[in-house]
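> Sequence:
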Amino acid sequence: MKPGFITQKALSKKVGWSEANGRRWIKIFKQFIPVHYDGINKYFYDESYKVVSIIKELSDNGYTSTEILELFNKHGVNGALEAFNKNQLGKKDDIIQSNSLPTQKELTIAILKYISDKKPYTTTMINEGVSSFFSLTDEQKNITYPADSREFIFAHRMRLARYSLKKQEYIEEVSKYTYQITDDGYQLLNDDYETVKEEINELENVINPFDIIRDKVNEIENDLINDLIDYLKQAHWRRLETIVVELLTAMGYGDGQVTEKTNDGGLDGIIKEDKLGLDNIYIQAKKWEKTVGRPEVMSFSGALDAKGARKGIFITTSNFTRGAEEYVQRLESKKIILIDGKKLARLMIENNIGVSVKKKFVVKEVDFSYFEGE
1 MKPGFITQKA LSKKVGWSEA NGRRWIKIFK QFIPVHYDGI NKYFYDESYK
51 VVSIIKELSD NGYTSTEILE LFNKHGVNGA LEAFNKNQLG KKDDIIQSNS
101 LPTQKELTIA ILKYISDKKP YTTTMINEGV SSFFSLTDEQ KNITYPADSR
151 EFIFAHRMRL ARYSLKKQEY IEEVSKYTYQ ITDDGYQLLN DDYETVKEEI
201 NELENVINPF DIIRDKVNEI ENDLINDLID YLKQAHWRRL ETIVVELLTA
251 MGYGDGQVTE KTNDGGLDGI IKEDKLGLDN IYIQAKKWEK TVGRPEVMSF
301 SGALDAKGAR KGIFITTSNF TRGAEEYVQR LESKKIILID GKKLARLMIE
351 NNIGVSVKKK FVVKEVDFSY FEGE
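Per the numbering used here, residue 1 is the first one in the sequence shown, and the count goes up by one each step.
Worth flagging that the hints you see were computed from the coordinates, not collected in a lab. Remember, predicted model here, so these are calculated numbers, not experimental data. A couple of the hints might just be wrong.
[To be verified] The list that follows gives simulated cross-link-like pairs (lysine-lysine, BS3-like), each with its CA atoms no further than 25 Å apart:
| no. | residue 1 | residue 2 |
| --- | --- | --- |
| 1 | Lys286 | Lys14 |
| 2 | Lys360 | Lys216 |
| 3 | Lys216 | Lys27 |
| 4 | Lys74 | Lys30 |
| 5 | Lys119 | Lys167 |
| 6 | Lys335 | Lys272 |
| 7 | Lys74 | Lys50 |
| 8 | Lys167 | Lys105 |
| 9 | Lys233 | Lys141 |
| 10 | Lys272 | Lys9 |
| 11 | Lys13 | Lys50 |
| 12 | Lys74 | Lys167 |
| 13 | Lys56 | Lys30 |
| 14 | Lys14 | Lys42 |
| 15 | Lys42 | Lys56 |
| 16 | Lys287 | Lys74 |
| 17 | Lys141 | Lys105 |
| 18 | Lys50 | Lys286 |
| 19 | Lys27 | Lys56 |
| 20 | Lys74 | Lys360 |
| 21 | Lys74 | Lys335 |
| 22 | Lys311 | Lys287 |
| 23 | Lys9 | Lys27 |
[To be verified] With beta-carbon atoms standing in for the labels, derived distance ranges:
| no. | residue 1 | residue 2 | range |
| --- | --- | --- | --- |
| 24 | Glu221 | Asn142 | 22 to 32 Å |
| 25 | Glu57 | Ser369 | 49 to 59 Å |
| 26 | Met251 | Tyr186 | 53 to 63 Å |
| 27 | Ser299 | Arg346 | 24 to 34 Å |
| 28 | Glu350 | Met125 | 31 to 41 Å |
| 29 | Asp227 | Asp191 | 21 to 31 Å |
| 30 | Ser369 | Asn142 | 28 to 38 Å |
| 31 | Asp191 | Asn218 | 35 to 45 Å |
Note that beta-carbon positions come from the ideal geometry of N, C-alpha and C, so glycine has one too.
Given these sequences and hints, build the entire structure.
Okay, here's the thing in structure tokens:
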């Protein structure tokens, strides 16, 4: 073992975990913890300890592994700790904000009351009516889940409430995205308080299978991302350069080639955006074990200057420091894009590089227009 490298058992002991507990936490956060591979063995070092220490500190302050993952995805590893130390997270950041929204139970009864006149309402009308009932602001309606900025919590809870009501036949979908209360739903509104409360509690247990599918697909994709990062880290450095050039070419940036190592000027690949090579994108792809900082990115920027280039892409199998990210944001004479290991893996999946389709699933729904007319 090289000096400065330690085993997983030693890393767990150093941070204050038992061997079993450390194994569990390190497995959960493998995509964020730098690791050095020596054949089939893996070792950790100072950068690994820093990340694990941050995980330990957040855990000791009441954050679950899922919540820490959400914070890392939103703020980055160092950013999450910095935000925590500055009390910018409150107790649970966006998780706390979600508590200011109506629960699924509250939304369920509100939907029934809003459409109790037995007229048809579109989902947009229902969402707007219910949000007005609770006096929700645009800011509240736009609160998203930390791990998925595309998913609005209010809209998601409304979708769950509508599904459970439809499943139990308290509302019916009379046309695409249009709902109407049923006789059973109207009767429920007129039942005594205890009956309504009991039934609403039962409705919350109704699970939308599409949400299960989505969650499982996300779980499969996250596992695939972690696997791709592991394989990229173990690949030969020349193979990594070839992979990133193939990826950028597949993304439509132009014809790419790996540079000759004898005279590459610190650059690993070139993408020719036009056939004459009048506008080139230069690439640096590194199998870094540690986080890439500002000095390394500045060196890459200098290599671009030597070529008179205005565009560059720095790719690493690890992560970038906030200093590196801030540096490229301030550049004016040229554009440098930073791609970390996780983003690289996602791009490979999106462009079918290094992956293949295992199985396809097709989900169908009723075509309401087919049944219209005489």
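> Run the distance test for lysine 27 versus lysine 56: straight-line Cα separation, threshold 25 Å.
holds (14 Å)
> What's the verdict on lysine 56 and lysine 30, does the C-alpha distance respect the 25 Å limit or exceed it?
With a Cα-Cα distance of about 14 Å, the restraint between lysine 56 and lysine 30 holds, given a limit of 25 Å.
> The hint says 28 to 38 Å between serine 369 and asparagine 142; measuring C-beta to C-beta, is that right?
holds (32 Å)
> Hinted pair, alpha-carbon criterion (25 Å max): lysine 360, lysine 216. Please report holds or violated.
holds (14 Å)
> 49 to 59 Å was suggested as the range; check whether the CB atoms of glutamate 57 and serine 369 agree with it.
holds (56 Å)
> Lysine 9 and lysine 27: Cα distance at most 25 Å?
Holds. Lysine 9 to lysine 27 sits at ~13 Å (cutoff 25 Å).
> Does the Cβ pair aspartate 227, aspartate 191 satisfy 21 to 31 Å?
The hint (21 to 31 Å, Cβ to Cβ) is violated, given that aspartate 227 and aspartate 191 are roughly 52 Å apart.
> Would the hint linking lysine 286 and lysine 14 be met if the CA-CA limit is 25 Å?
violated (29 Å)
> Run the distance test for lysine 74 versus lysine 167: straight-line Cα separation, threshold 25 Å.
Violated, at about 35 Å.
> Straight-line Cα separation of lysine 141 and lysine 105 no greater than 25 Å?
The given pair, whose Cα atoms are some 17 Å apart, holds under the 25 Å limit.
> Please verify whether lysine 167 and lysine 105 have alpha carbons no more than 25 Å apart.
holds (15 Å)
> Straight-line Cα separation of lysine 74 and lysine 50 no greater than 25 Å?
Since the Cα atoms of lysine 74 and lysine 50 sit roughly 19 Å apart, the hinted pair holds (cutoff 25 Å).
Figure legend: structure checked against the earlier numbered hints; hints not met, in rising order: 1, 9, 10, 12, 20 and 29.
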